[in-house]
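Peer 1: Chain B: place on chain A using the hints.
Read off the chains here:
Number of protein chains: 2
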Amino acid sequence: MVGQQQVVDAAAAAAAAATTRVPVPPPKPLLRTIGGNLMETFFPDDPFRAVARESGGRRALAALRYVFPFLEWLPSYSLAALWSDVVAGVTIASLAVPQGISYAKLGDLPPIMGLYSSFVPPLVYAVMGSSRELAVGTTAVASLLFAATLGKEAPPGEKPELYAALAFTATFFAGVLQAGLGVLRLGFLVDLLSHAAIVGFMAGAATIVCLQQLKGMLGLAHFTTSTDVVAVVRSVVTQSHQWRWQSIVVGCCFLIFLLFTRYISKRKPKWFLLSAMAPLASVIAGSVLVYLIHGERHGIPVIGYLKKGINPSSARDLLLSSPHTMVALRTGIITGIIGLAEGIAIGRSFAMLKSYNVDGNKEMIAFGAMNIVGSCTSCYLTAGPFSRAAVNHNAGCKTPMSNAVMAVAVMLTLQFLTPLFHYTPLVVLSAIIISAMIGIIDYKAAVRLWKVDKIDFCVCVGTYLGVVFGDIQIGLAIAVGISILRILLFIARPKTTVLGKMPNSTNFRRMDQYTVAKAVPGLLVLRIDSPIYFANSGYLRERIMRWIDHEEDRIKAEGLESLKCVVLDMGAVASIDTSGTKMLEDLKKNLDRSSIQIALANPGSEIMRKLDKSNVLRLIGEEWIFLTVSEACYYAQQNCKIGVGMGVVQCVVDPEHMV
Amino acid sequence: MVGQQQVVDAAAAAAAAATTRVPVPPPKPLLRTIGGNLMETFFPDDPFRAVARESGGRRALAALRYVFPFLEWLPSYSLAALWSDVVAGVTIASLAVPQGISYAKLGDLPPIMGLYSSFVPPLVYAVMGSSRELAVGTTAVASLLFAATLGKEAPPGEKPELYAALAFTATFFAGVLQAGLGVLRLGFLVDLLSHAAIVGFMAGAATIVCLQQLKGMLGLAHFTTSTDVVAVVRSVVTQSHQWRWQSIVVGCCFLIFLLFTRYISKRKPKWFLLSAMAPLASVIAGSVLVYLIHGERHGIPVIGYLKKGINPSSARDLLLSSPHTMVALRTGIITGIIGLAEGIAIGRSFAMLKSYNVDGNKEMIAFGAMNIVGSCTSCYLTAGPFSRAAVNHNAGCKTPMSNAVMAVAVMLTLQFLTPLFHYTPLVVLSAIIISAMIGIIDYKAAVRLWKVDKIDFCVCVGTYLGVVFGDIQIGLAIAVGISILRILLFIARPKTTVLGKMPNSTNFRRMDQYTVAKAVPGLLVLRIDSPIYFANSGYLRERIMRWIDHEEDRIKAEGLESLKCVVLDMGAVASIDTSGTKMLEDLKKNLDRSSIQIALANPGSEIMRKLDKSNVLRLIGEEWIFLTVSEACYYAQQNCKIGVGMGVVQCVVDPEHMV
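Residue numbers (UniProt numbering), protein chains in the order written: chain A, 1 to 659; chain B, 1 to 659.
So that you can see chain A by itself, here it is in the shape it has in the complex:
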């Protein structure tokens, strides 16, 4: 068992340990510290590395490539990739046309605006976006939110022009917000929406979107403008005499067809084309059916006349200084942030699959640009809905070119095919929306959350219930509120644990985690698991005193050696503020009165600097600051007259045997 390494006994180890003290870092120029912190806060991903590497004209090109990622892939674009992108683009166009019309109806906007929104924004994204799979289009959540908030300000039935203008304005503000967040590198604000919150939020939004479809499915002419469950159910039940069986029958048939194709392509991913084409097939079949049996006269409402031609300009419709601007601003902020959070999360997950990186801040600028341009060309809010991205990915897209192909396909539709949608029954659109939304309710994720993290589950369910029983804003407020409260509680009530010595080693570990860890007689080793800030310094002082009281009670009860020294393991204390240094000062004074020594183990450089500046270092005594817990314990045993020793040994490796 005895190898070639040399061993040093405890005394020598202590001597060796004495040579590696914890240093107080040299003072750093203030501006450099601030600069470093700002850099780390706003440019953590060092985005301009590629630009900084080049020089002269090449640097300008690199900068251009940074802003317009298409310059990166276009030069090496191959015919094979083009073919893949054309296939993918046509596929998503066949989904985009019926979905665009459906979501525009959901948002109480003219159906044609859904098609407009699938033409211009995808072109912008093809030039500026860096995700290869994201397919741009309108989303159900934003559409519903437009109807719910803007609809109150300008009922779309009464003032359609004002309503459309408000929608453009909200889209404009959303774009400005998105681009602004990207330029100011504030992408981390979007991270305040946790994954759990997004799961709950999307499920809640999908639920209320499905409920809204009861209007179309039941063929009702009037419907509540509220989105919550109670209002919708009441509206449906009180109008039961108005239900139209024709609408219900047609709707259910198409819904079953759509869900069946979804099921098939989920089981056999190669048949994805089936589910991708199903909505268009339903629209065609439904239109033909209604045309043949004159369904519009028998209780099956249809879309009606759609104007031919591509997007007219809407730049003059923006209401930047009207009494309604605030509503548009609020709606824009909420939908903009939701669109970003969802779009970036989706872009990142697909990028993960193909192992390339999506720069969040750059994506925000792309999203912002496409919404600003969109708001001036009769489009409303666009983002990257999951269903389209999944179809795009399955169809084998290679670059954002598939978005451009989709845009061209939609443009051709706008120019030549709009009259064909005249007889498309609304109930088919409802079926398309429902089948898309059901895929979004990710109950399995909620089960996973429950298993792994109960608080995340609460965030998820709270958000869901907030959206379903309140409204979308309430749900969002709950999500952000619980999430931030959790962070604050973590800081306000950090864990302190008692460490014990692991057998046969110099390591100290939590005694509640490692049953083999043993307390060292006469010593109490405590570990603090968070930065020491104003929000927890009072708590920590009381909690540490309570640990000491408990330990002394135990010592009395068991007749052990009295407590001589408290060792604080500062390894996990990443930061400290003036309340924190004051806390340590108070603690030292308190313990002095009970003749208990205090020792610190493994403080970081920031801690050392602040302890030094605040004179707490001198108060505690530099000789009571140690590199490791075991050194602290060894020193305390030597210097605190602790009778019963314990083999706290420092291991030293012979330098000769090191390479």
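Careful, some of the hints might be misleading.
Copies of the same chain look alike in the list, so a pair counts if it fits in one copy or across any two.
[To be verified] Taking lysine-lysine pairs in the DSSO-like style, the calculated list, with each CA pair at most 30 Å apart, reads:
(1) K589 - K270
(2) K556 - K495
(3) K354 - K582
(4) K613 - K495
(5) K354 - K495
(6) K588 - K641
(7) K495 - K454
(8) K28 - K444
(9) K451 - K589
The set of hints was computed from the structure by calculation and includes no laboratory data.
Peer 2: Here is chain B on its own, set in the frame of chain A:
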């Protein structure tokens, strides 16, 4: 050098290390976990320990003692202690009478209410309070805030009854809030006001209080109702023709006298009585002077008639359902929280000096009770102002009995001596306020903050400027806002650092802190310094990938051995949520593609449980989870085909030599 300990060579050490794996904690019943967490959050100080120890009738007595701390000290109260308390009580009464009148004038309330407020609330506190030094009374900040917020709703000059009723109502709400926070154990919310914020806030409040005194000092009849510097200076300058030299001369004389006594007793703490008695002496001297020279007719305004007799009831004046209730509620919340934060901080600092504990939540209940009772007996908001507590402490108080003595002294004043204050000049009251406020501006603390922690300094200065140039609410909002933003930023941008091996030991430490720490070839050891939450999981993933990129750049540039394994030191990761486990999963998948192994060192039990539940443990492989960084490095060297080895040795102590 070679001692008796046995050494085990590296291979054996690895074998030994294999026996102390990081355990996955056994599942705990959900309710017990929740119960434990709630207990730790709301009862961190285990307040009922003394009660739980007893049984039967003794337990009831212990519970009663818990609620009414005077039952604890009264049974063993000695004559000597009584004598000390009487001396201290009379001393603080001599300060309380002029201060009470001054602050009531500052709050635009009838001067007599200042005396009322020094009678009933101190009695309540004597029974329920647990700080021995705190002396109850009105505060300048609360008075000024009443004038600033309630004065806008009901100008005291036009509607004095409504104004007084609003003051009682605000006091009532403040009391309910304080008692409620105490009963609900939400004391930690008060901790969200950091020490730095309180320093800045008090200094700002003192500044604007002093500025308000220009009215009295200059003998002005009209004055602005705003508190900010700009408004006050404009009001003073535009009325320069109204300045009265008599008032200025008298005021300056008394101010110099007061500041001189303060200075003396600061230099010689034994002469504290000089500064404690100075305000009363000034009032007496000023009154006599004015009476003799008929100063009230020569530009020196006096208090005028004061009603004799103790507090009338004001329970019927409370406006609990009037249009003004909301203003009173808001004022009550703000003043209540400021009163708590200041009072508890002061109580705790004096308790620290005499090494006893002040229970924050219990103090809140005491404060709440005294304000609720006070609001029904014509008192307005009371707390524990610093100046009185300091005088009380210097005068040698032993128990809260000194508060009761002060109350009796004030009651006698109310019954018999109020007519004597008829000729007290207002300018003397202004001088008393200014001299009290100047002591509160703690510029030295601001300098200390600058030295130790720049962000705390920003909080302090921001709060000060907010109070001085905006108003008290703006200052508070800035204080809480910056403080919370700091916590969120700490979580959103945690530190990650590269660790290196310390020479002659198995410890790994930060290479930027310890210049002697050396990187291990082929390995990258990273340490994460915060919990991994949704707010930072995206950042951490990118930051870790960037460390790896940098390391690979360096390796290429220096022609070193390529990177084979990344070791994450999880020792400082106190907590993880589902976004965090997802991050580790993504990281593992990312690194797998570059054929880099990932290893975790020293994860806590919560981390292990969540990694296990989320299946990330299986993905990484349990054999890649280690107790220490050195074990992880050793194992990686053995298993990742790293050519150039390095003596990473595990030290094992022979159990026979351990006690």
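Peer 1: May I ask which of the numbered hints given earlier this structure violates, with the numbers listed in increasing order?
Peer 2: No hint contradicted; all consistent.
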